[in-house]
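Q: Okay, here's what each chain looks like letter by letter:
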Amino acid sequence: MAASVSKSGNIKACEEVIFVATLGGEDQNGNVSAWDARTGNLLQTFRNGSAAPNSLCILGGENFLAASLTKPVIHVWNMLRQSQKHRKLICGGKVSCLAVTPDGTFLAAGIEDKIHIWQVSTGELYSVLSYSSVEVKRLKFTPTGEYLVAGYRDGAVTVWELQDVLYHDPMQVKEHSPVNTFIGHAGEITDFHISLTHRVVSSAMDFTVRLWNLLSKEQLKMFELGAPVMSVTMDHSELALYAGDINGNVYAIDLHYQRAERSVHIDTREVNAGFTFYAAHAAPVRCMCLTRDQSKLVTGSDDKTVKVWGMMSAVTPLTITLNERVSNLMVLPTPNALVYPDHKPRMLVGNLKRHLHGTDGEDNMEDIFIEIRVKEKLPPLSALDDIDSCTSSEGTEMPHNPVLSTKELESLRQKANKLKRANEEIYLFALKEILK
Amino acid sequence: MAKSKKNRQKDFQKVKFKVGKKLPKGDNVTNLSFKTRQIKLTQRIKEDDGQKPVTKNKLGIQDLLRQCDHHSSSARVNAVCGLKELWLNNTSDLLIPTNVNGYGVILKKLSTLLIDNEAVVRHTVINLFKLILNRLAVKSTEDNMNRLAGNLFTHIHAFLCCAMNHVHEDIKLDALLLFDTLLDTFPLLMVQQTGDLMKNLIGLISTPVYLGTKGNATTQRLSLNPDSKLPAMKFRARVLQRMKKAFMEALNDDTRKRCFITNNLENSQDTWSSFPVSQARHDTCFASQDTGIKFSVLFSGGCHDLDDYITKPSSLESFIKLSVPVLLQCWKEARASVDEHSSSDNLVPADCLEVMSLVMCIIQLMFVLCSTSQRNNSVLQVADVPIVSPELLVKNYLQDFVKLFMNNFPYSVQVLPQTIKKRKKNKDSQSVDSNINQSTLLALNLAVCDVMSSFCSDLTLKPGQTWIKKLQGYVIQFFQRSPSVEQSKTLIRVMKNIFINPHIYADFTKAYKFTLKHYMTCKKMVQKRMFFNLFAFMGQTWDGWERNDHGPQPHYRYECNGEITAILEEFFQSLPGLLLDVKNSGEDKLWLMEILTLMCCGCTQRSSKTFKAALHSKLTEILDSQTGIFCYEDEQIQQRLCFLLSLGAPLSREQLKQLLHLLRHPRDKPVILRRKSWSIVAHLIHGVISNIKEQVPLNNQVIFNKMSQDQHSQLSDYLRFMFSLQIGMIAEEMDGFTPPESDLSETTRWLSFEFSVQGDQWERHVEIANIVAKELANFHIPASLSNGYHQVFTFTSNMEQLWKSTLANRPHIHILSAYSLIKYLYETSFPHITVKPSTEFYQEGSLVIASVLSSLFCRDVAHKMPSEEMVWLIKADIIECLTMNSSLLELVLKLLTARSLGEYKTSEDEKQASKTAIDFLYSNDSIKSKILDMKNMQA
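Sequence order for the protein chains is A and B.
Going by UniProt numbering, the first sequence opens with residue 1, and the numbers climb by one from there.
Going by UniProt numbering, the second sequence opens with residue 1, and the numbers climb by one from there.
Hints are supplied without guarantee of correctness; some may be wrong.
Short, incomplete list of chain A residues facing chain B, as computed with Cβ under 10 Å [unchecked claim]:
#, residue
1, Gly30
2, Thr39
3, Leu69
4, Val73
5, Tyr131
6, Ser133
7, Ser177
8, Ile246
9, Asn247
10, Gly248
11, Ala283
12, Asp303
13, Lys304
14, Glu408
15, Ser411
16, Leu412
Calculated cross-link-like contacts (lysine-lysine; reagent style DSSO-like; alpha-carbon spacing at most 27 Å) [as the list claims (entries may be wrong)]:
#, chain 1, residue 1, chain 2, residue 2
17, A, Lys94, B, Lys612
18, A, Lys217, B, Lys496
19, A, Lys71, B, Lys693
20, B, Lys609, A, Lys217
21, A, Lys71, B, Lys609
22, A, Lys114, B, Lys517
23, A, Lys94, B, Lys706
24, A, Lys94, B, Lys609
25, B, Lys693, A, Lys94
26, B, Lys589, A, Lys217
27, A, Lys114, B, Lys589
28, B, Lys618, B, Lys583
29, B, Lys523, A, Lys114
Chain A is nowhere near these chain B residues, computed Cβ spacing over 12 Å in every case [said to hold, decoys possible]:
#, residue
30, Pro483
31, Phe737
32, Ala777
33, Glu908
For the record, the hints were derived by calculation from the structure and aren't laboratory data.
For each residue, glycine too, the CB sits at the ideal point set by N, CA and C.
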């Protein structure tokens, strides 16, 4: 059903894709769409369904997940089966935020004050985490998928160790508890970003951005901006911090400016070497991302635009105009599924279960399997032809082994036959001559 | 002749010597004998050169130190006395650390005398020690660590250990005295560089079997010294007391250090400039605070050979392993004697009870120390890694302890008081003594509770039901007796430990009820605060669920635990009242902050309805402009309060009015603080905005149209609030300021403005106008075609009406209102705003803009303006607005030209002003090109 707007050749040519979700009505088209990051062309739209803020995520390079704004439903769009209608996974309550592990095995959803963790392939509910009875607002996995970080409405941030949390203790002696909690904020957590070295920057409605280490409670640095901060991100090298506030300003802050100060106050009216800022949008900057090469900043705002800023100069950013407020933003290298939409889908997405895995009385553990997707290595080009010929001629046994060609096989068979015959002869001889 | 011959002979007569007779001495012999007499120089009389301080006997420090090594004991005593005299007379000189013969030398010498054979010498030495150390400790609180640290302390430490290990029991006991003094004066040093001291203490009461070949902890046994002057129990009690004291200091210290650091941080957050220099050394991004402090400790005197401090995890663990068996033996022996006595003549020797309670206290303190967090320097302490993990303690000791302590736990509660009572009957004179016993008994029982509860903090523990019940029974009993501050501290620890364990706390519901009751009725602020902390912890970690282990399917059945939820709800409900109480009683800011944080938490929790109701009822008081919380002039507190308001306790119309009042009054210095670019004003407005979003469903038209009557009125109150913010005053003030005139002919309408502003009113208003205009313009609910809502919903029409009714019939308005209107028009003219204001509203707006422009250029107004900046800002904003919105520009130009041509019977001055205004507009490039465009279009 989804209309491919441009030809597939176009899609092949683009390197990175911006996925944008908007806050339109449930029935509106194009709430989720894909855009070329370089040119700003519309590549594809996904029909129907809405995406609540902080809920868009990609699963295994083929599926999109997004929580509905109004219903207790998670929408799943498949980029491969575009002719099919998108799926709806029903959950126990309205989902406020969603996250998927980088390898696509587990799905975490914030429902009211609890975090539910499902295995994607089976839909088994593995864990329900609760820290306090405060609503969860934001969820993210660390880039390695080791830790799950959750932001709460009262300004607390908790860190959970995924492995620890998934472990299902049959004696159930231990309640899961977060490995770290950060409670420095005095306002609702709006966004946070986890760097590759496990540093976290979190932004909140209390006008501040705070920098801390994933596994320590100590606040390393605090930046005070003049308005509630809605979104935040940081570059890989941890040199600069980008934050967007409610007035549509985007700040680029040098993390190493005034390195001795624990709290830095940023006053936009003063010229300062420590930061630059642009009045980028006319409405709150809801979300921001960096492109893979860290050279461009993508910001999405309530003023219905997404802008792509070059780091070199802030003049004339690439602007994508949408027809509703932006709720989610994602920058990805072009997924294969978008380029070859005719491939067979690989990901299994099970219906989400409501009861904890292993509680329904059935203890048949042999049913449970964990599918971990490992990226197949591309065979070298020369080997490709061989494989093709092999797979066509020889069947199931050893399709990829070029050592045993048909001829050798034949000779081996003959030898075996010879031996059999000899054996038989010896046997007969023995019968006749010896046992006489 | 003969006579003369005779005479001659007489002269020369031969003297006859006889054998055996003594030879007579000659007359001319000189007496060579002499007598000797001893002269004793008991003291050297020295000339006073007036340079160096000396004693009465004119002895300097050097001499005295030398005499300390004298072989005569009295000389040594005298020397020490002389040192004392010097010290008392010349303290200030000796206190200078760089002084060659300063206190350092004296202390070093004195410590060598600790193992002196003569009791007199030791006692004088210890007295002098006390004197000097007390003085050193008092002198300055910040750097007193440095005064003993380093080499000097190592020295003292070595001799102290030596004395403790001495053969003579007296020397050991005297060493304990010095140990006490050191603990009193330099607890920090003692804790940080304990070394072997604690092990030596244990060594005093037990034989060091652990050094032998069989070396394992179980073979260790208590030692009995038959020669000892003191009974064994007494001796043990003395040693144990020291251990208890040392642990208490260790715990104390922790807290003190923590306070010190957090205070530092608080200060640093208040002001940007006064940042502690010591912290500024490090790069905040990469060096965390811990390392800095560790370094400073090392630098100022921690030496490596004494690195074995109590709070170090490995040493504490090994110490526990070493000491617990010995302590248990002590307990057993003491218990044995109790049993005997209680069966025979009901007398409890006081020292047995003492030893028992001491043993318990030490174990208690050790365990508490174990559970305190390892990194005692980090900023936020909630649940760090404990020094020794509770799992280990459970594994090693739980069984023993349950057997030893818990079997008799009710026994010791019930029987011991009885025995004491009986004793009282027997000997009435000793009632004071029995009082002491009573208190030690309480301490003993509490300590048992504490120790057992510390096992509970290990989450994997699922203890048997019996001793838990005993504990609960005792705790409840205790609450009825109104515990003291120190006792409630322990009780709180017990309750907290139990709450941590998800399997046990359910059994304790009744105890929690009693605790809450106690908290509610508690009058003393100190105690109240302690219990507040307990409930705060519970409130923040409680998620309302409990695991049910008893069902047929034992895995992960969650049930709502109503009872504890109810307790916590009650606690939360009391918070608003507490907030006001604390504010009124003038307690410190930290507590206020904690309460506010907790209230935020309460607001966002699932069971928040009752809390919100409680908050709502108290909100008027909290927002009071005279006595409310906002009057506390502190940014952080005001900020927290704004956050609290944003979380969705419904605000009534009166309360919104209060907020308006707080924002603007008193005029010269409003209650709500404002700093140049980061102000509480913005916090408050954003708070109210998110509050209304909480109250009224504003993201879906279907739900929006189903809202209740209450929500309707709330929404309209909110709009009025926003509008009042825009016009810069509430409606009543506006009426008082410019009463509407009824007969005003439409054609000649032209507005005049009031330009007077006070204080930072203008800047404040600019900020408010920006925020409000942005919010109102950007707000919309998207259309939803399938549900039949084809229109996007916005507040535009409501705002239009409000503005119209305000502007109608008013010839004179305040510049603040006009500025807000300009801002609002600017914000609505962005392309992404789908619903634009109607043309009528544009006409109204253009009238205001034109009036403002012409009055800005009017000569007699120019001098009324408070500042040039204000004029420039208004002009710049008008230009910005007109550039964005061409239809508005057209209307404004039309009005201005008509006026400059004198269509409305205007005076010459006004005509002139309008003309200049047009010229001003034309002088701007972008506007000029816009006008040209428009003309082209028309053409």
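Q: Does each hint hold? Answer for all of them.
A: Consistency of the hints with the structure:
Taking 10 Å as the C-beta contact cut-off toward chain B, the hint placing Gly30/A at the interface is violated, the least distance being around 13 Å. The beta carbon of Thr39/A comes no nearer than 22 Å to any beta carbon in chain B, farther than 10 Å, and the hint placing it at the interface is violated. Because the closest C-beta pair between Leu69/A and chain B is about 7 Å apart, less than 10 Å, the hint holds. Hint status for Val73/A relative to chain B: violated, with the closest Cβ pair at about 14 Å, above 10 Å.
Taking 10 Å as the C-beta contact cut-off toward chain B, the hint placing Tyr131/A at the interface holds, the least distance being around 7 Å. For the restraint placing Ser133/A at the interface with chain B, the shortest Cβ-Cβ distance is roughly 4 Å, inside the 10 Å limit, so the hint holds. For the restraint placing Ser177/A at the interface with chain B, the shortest Cβ-Cβ distance is roughly 8 Å, inside the 10 Å limit, so the hint holds. About 7 Å separates the beta-carbon of Ile246/A from the nearest beta-carbon of chain B, less than 10 Å, and the hint is met.
The interface hint given for Asn247/A holds, since its Cβ lies 6 Å from the closest Cβ of chain B, which is under the 10 Å cut-off. Residue-level restraint check for Gly248/A holds (minimum Cβ-Cβ distance to chain B is 8 Å; threshold 10 Å). Look at Ala283/A: its Cβ gets to within about 5 Å of chain B, closer than 10 Å, so that hint holds up. Proximity of Asp303/A to chain B holds as hinted, the smallest CB-CB distance being about 4 Å (cut-off 10 Å).
Hint on Lys304/A holds. Least Cβ distance to chain B is approximately 4 Å, under the 10 Å limit. With a least beta-carbon distance of about 57 Å to chain B, the hint placing Glu408/A at the interface is violated under the 10 Å criterion. Given hint, Ser411/A at the interface with chain B, is violated; its Cβ is 61 Å from that chain's nearest Cβ, farther than 10 Å. The criterion of a C-beta within 10 Å of any C-beta in chain B is not met by Leu412/A, whose closest approach is roughly 56 Å, and the hint is violated.
Simply put, Lys94/A and Lys612/B have alpha-carbon atoms about 23 Å apart, close enough for the 27 Å limit, and the pair holds. A C-alpha spacing of about 21 Å is found between Lys217/A and Lys496/B, which places the hinted pair at or below 27 Å, so the restraint holds. The straight-line distance between the Cα atoms of Lys71/A and Lys693/B is roughly 18 Å, inside the 27 Å bound, and the hint therefore holds. Between Lys609/B and Lys217/A the alpha-carbon distance is near 31 Å, which puts this suggested pair outside the 27 Å criterion.
Between Lys71/A and Lys609/B, the direct Cα distance comes to roughly 23 Å. Compliance with the 27 Å bound is thereby established for this hinted pair. Proximity of Lys114/A to Lys517/B is assessed by CA-CA distance (about 31 Å); at most 27 Å being required, the pair is judged violated. Note on Lys94/A and Lys706/B: the hinted pairing holds, with a Cα-Cα distance of about 19 Å set against a maximum of 27 Å. Of the pairs offered as hints, the one joining Lys94/A and Lys609/B holds, with about 19 Å between alpha carbons and a cut-off of 27 Å not exceeded.
Proposed proximity of Lys693/B and Lys94/A is supported: the alpha carbons are some 17 Å apart, at most 27 Å. Distance restraint check for Lys589/B and Lys217/A: the Cα-Cα separation of roughly 22 Å lies within the 27 Å cut-off, and the hinted pair is therefore satisfied. The straight-line distance between the Cα atoms of Lys114/A and Lys589/B is roughly 33 Å, outside the 27 Å bound, and the hint therefore fails. Using a Cα cut-off of 27 Å, the hinted pair Lys618/B and Lys583/B holds, with the two alpha carbons roughly 14 Å apart.
Simply put, Lys523/B and Lys114/A have alpha-carbon atoms about 38 Å apart, too far for the 27 Å limit, and the pair is violated. Remark: the non-interface label on Pro483/B is consistent with the geometry, its nearest Cβ contact in chain A lying 29 Å away (cut-off 12 Å). For Phe737/B, the condition that its CB be more than 12 Å from all CB atoms of chain A holds, with the nearest at approximately 30 Å. Remark: the non-interface label on Ala777/B conflicts with the geometry, its nearest Cβ contact in chain A lying 9 Å away (cut-off 12 Å).
Every Cβ of chain A is farther than 12 Å from the Cβ of Glu908/B; the closest lies at roughly 41 Å, confirming the non-interface assignment.
Consistency with the previously given hints fails for numbers 1, 2, 4, 14, 15, 16, 20, 22, 27, 29, 32, ordered from lowest to highest.
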